[in-house]
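So the chains spell out like this:
2 protein chains.
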Amino acid sequence: MPQRTKRRPLTLRDVSEASGVSEMTVSRVLRNRGDVSAATREKVLTAAKTLGYVPNKIAGGLASQHVNLVAVVIPSLANLVFPDVLSGISAELDDTPLQPVIGVTNYSLSREESVLYDMLSWRPSGVILAGLEHNRSSRAMLEAASVPVVEIMDIDGDVIDTAVGISHLEAGRQMAAEILGAGYRRIGFIGTHMPEDHRAKKRLAGLEEALQHAGVPLVAREFYQGGSSLAKGRELTERILAREPDLDFLYYSNDMIGAGGLLWCREQGFDIPGKLGLAGFNGVDLLEGLPMRLATTDARRVDIGRRAARIVAGKEPRPEQGKLSLAPHFMPGDTIRK
Amino acid sequence: MPQRTKRRPLTLRDVSEASGVSEMTVSRVLRNRGDVSAATREKVLTAAKTLGYVPNKIAGGLASQHVNLVAVVIPSLANLVFPDVLSGISAELDDTPLQPVIGVTNYSLSREESVLYDMLSWRPSGVILAGLEHNRSSRAMLEAASVPVVEIMDIDGDVIDTAVGISHLEAGRQMAAEILGAGYRRIGFIGTHMPEDHRAKKRLAGLEEALQHAGVPLVAREFYQGGSSLAKGRELTERILAREPDLDFLYYSNDMIGAGGLLWCREQGFDIPGKLGLAGFNGVDLLEGLPMRLATTDARRVDIGRRAARIVAGKEPRPEQGKLSLAPHFMPGDTIRK
DNA sequence: TTGAAAGCGCTAACAC
DNA sequence: GTGTTAGCGCTTTCAA
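Sequence order for the protein chains is A and B. Residues 1 to 338, numbered by the working numbering, are exactly what the first sequence covers, in order. Residues 1 to 338, numbered by the working numbering, are exactly what the second sequence covers, in order.
Honestly, the hints are just simulated from the structure, not real lab data. Hints may contain errors.
One copy or two, either will do: identical chains are not told apart, so a pair holds if it fits within one copy or between any two.
[As the list claims (entries may be wrong)] Listed next, the in silico EDC-like pairs over lysine to aspartate or glutamate satisfying Cα-Cα at most 20 Å (straight line):
no.: 1; residue 1: LYS57; residue 2: GLU288
no.: 2; residue 1: LYS57; residue 2: ASP118
no.: 3; residue 1: LYS338; residue 2: GLU143
no.: 4; residue 1: LYS275; residue 2: GLU209
no.: 5; residue 1: LYS49; residue 2: ASP118
no.: 6; residue 1: LYS49; residue 2: GLU113
no.: 7; residue 1: LYS323; residue 2: GLU208
no.: 8; residue 1: LYS315; residue 2: ASP246
The model shown is predicted, which means the values in this text are computed figures rather than measured ones.
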């Protein structure tokens, strides 16, 4: 085994010495800035490659007073929706110098605060974060950061700088219209325990508002804690139907539990969508390939990621009033009567 | 709208002036280093909070010559397995000063190289990256970085510094033993097109080796490109059974396509596990809640994340030979005969 | 087209 | 327990 002395990390100076070109010019070459003759350029590039030099962005960032990072703060990676948002962001950032850095809050506002603090201490060029609900310190930090801040997923509420998302209130209303239009009248809702999930809460509010407007009460609600899974969907569906056997429609707060409910109902021999209609929310890919396609609302996740990234990157202007509202898109699937 | 002058970002100096304490002592307080009297401490903290000061880690990192970041490089976030690995990493890093920074390669070695280059330019304290297959430049960079490098998921191959994972060869052999032990003899394999997926390739090799050893040939293979989904699983299952209708076992390279196959086979009325056995790989949560539990191998994702993080954090020593091998765990489910 | 000087905001090392 | 000094590795600015 070779005696592996702990190398001093390489610096610009090493490349400068190896190439016989000043540090400044080496720096120019490595960043493609300013005019450098082809010959010097070549020398520098060769030297850098030979040495295996990797520039130190810490020093660079300090000197230039800016850093090409975009802080992206989301509640969870386990939730199927966020990878989609991230892929939209990456796609749009790919042809810019900006790079996303992901932080995860686990749906906790205080964790969000500390994640933001850590990320802002790297002085990113922009921030993208999920939701409009943040604690006071987080809002203060974001305002003090004086970089673009884009809140995503939701537009129903107060915006710090810019919001890109759908109206979940509207999504709830839209679903109510579809449910009522299809003739269902005894409707139940299944969702996460509310304090944590502001967007589901807004959808429920939109649903109830529209139902009430039509004189149709929401018959039952069932809430759960923790992550979503097919198993949870089965369990909650069984429970709500045990309590209220004559329900004719179940609106789930996400596709995963909706799919679990769907599988369970089919096994029980329910007539879907004839006697019982079902709908979820998000429009995740997972639904393709289930025995029946669950009705759902496409929450425009990839688009949201893209547009947010475009705004942070300066590819498109900040929308008027700071809100960019995308339209939630109802997808009928096979689990709601035509 | 208030005239919002572009503020100069706050510095230590501002806190120093506001509190009447030297910059150095302010720095000490903010980092909990060295002895500072309770009184000064209080003054500093108050001043910092009032101003809304967020330390500049770029400057800090440059001065201290180190940065509490761990680069985590994975192929994809859409793949259900990586969020699990990441949660293991986070869990173990949570009580250390280290923070994970995620980079995504989209299963491309050249993209891996550029992601590594970018991450190493931040001079992280350690690197965790998926797989043992990297291009020459990537290996060179990692070796030159002189920080702990932990390759995860796989241990069948050459290690740069440390590897934490399971043997996929062994997982394939183990599955072969289970399949043969249950009496299946006409076995097919369904998986991703190989060049991209080294670990699936190793499982297939392990499977074939063990089958061959028992004098049982692998009857059919079906490969696909792109992401995994239930729909893809259905499609491939239909195709392989159209070609080879007398197969009595299907081994899938992951649970998602396995689950799709399972759903399809049930709809076709196949007798599972009687006439046809099925197994996937990974042991993802998704499987709970399907009509039948797919047989699978638990790939120890969370444990892998934890152990890798522990090694990077110095909580546990680098294993001998640089390889930490966890045992893949067969889970029979309901789709293989007892 | 190239180079020299100054300094980004913080912390290590040492003095008091 | 607190302060002073020097300097981390780059880029900005300006001069040549």
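Hints, verified against the model:
{"no.": "1", "hint": "LYS57 to GLU288", "verdict": "neither (43 Å within a copy, 45 Å between copies)"}
{"no.": "2", "hint": "LYS57 to ASP118", "verdict": "both (17 Å within a copy, 9 Å between copies)"}
{"no.": "3", "hint": "LYS338 to GLU143", "verdict": "neither (48 Å within a copy, 62 Å between copies)"}
{"no.": "4", "hint": "LYS275 to GLU209", "verdict": "neither (24 Å within a copy, 52 Å between copies)"}
{"no.": "5", "hint": "LYS49 to ASP118", "verdict": "between (33 Å within a copy, 15 Å between copies)"}
{"no.": "6", "hint": "LYS49 to GLU113", "verdict": "between (41 Å within a copy, 14 Å between copies)"}
{"no.": "7", "hint": "LYS323 to GLU208", "verdict": "neither (25 Å within a copy, 57 Å between copies)"}
{"no.": "8", "hint": "LYS315 to ASP246", "verdict": "neither (52 Å within a copy, 57 Å between copies)"}
Hints 1, 3, 4, 7 and 8, counting from the list given before, are not met by this structure.
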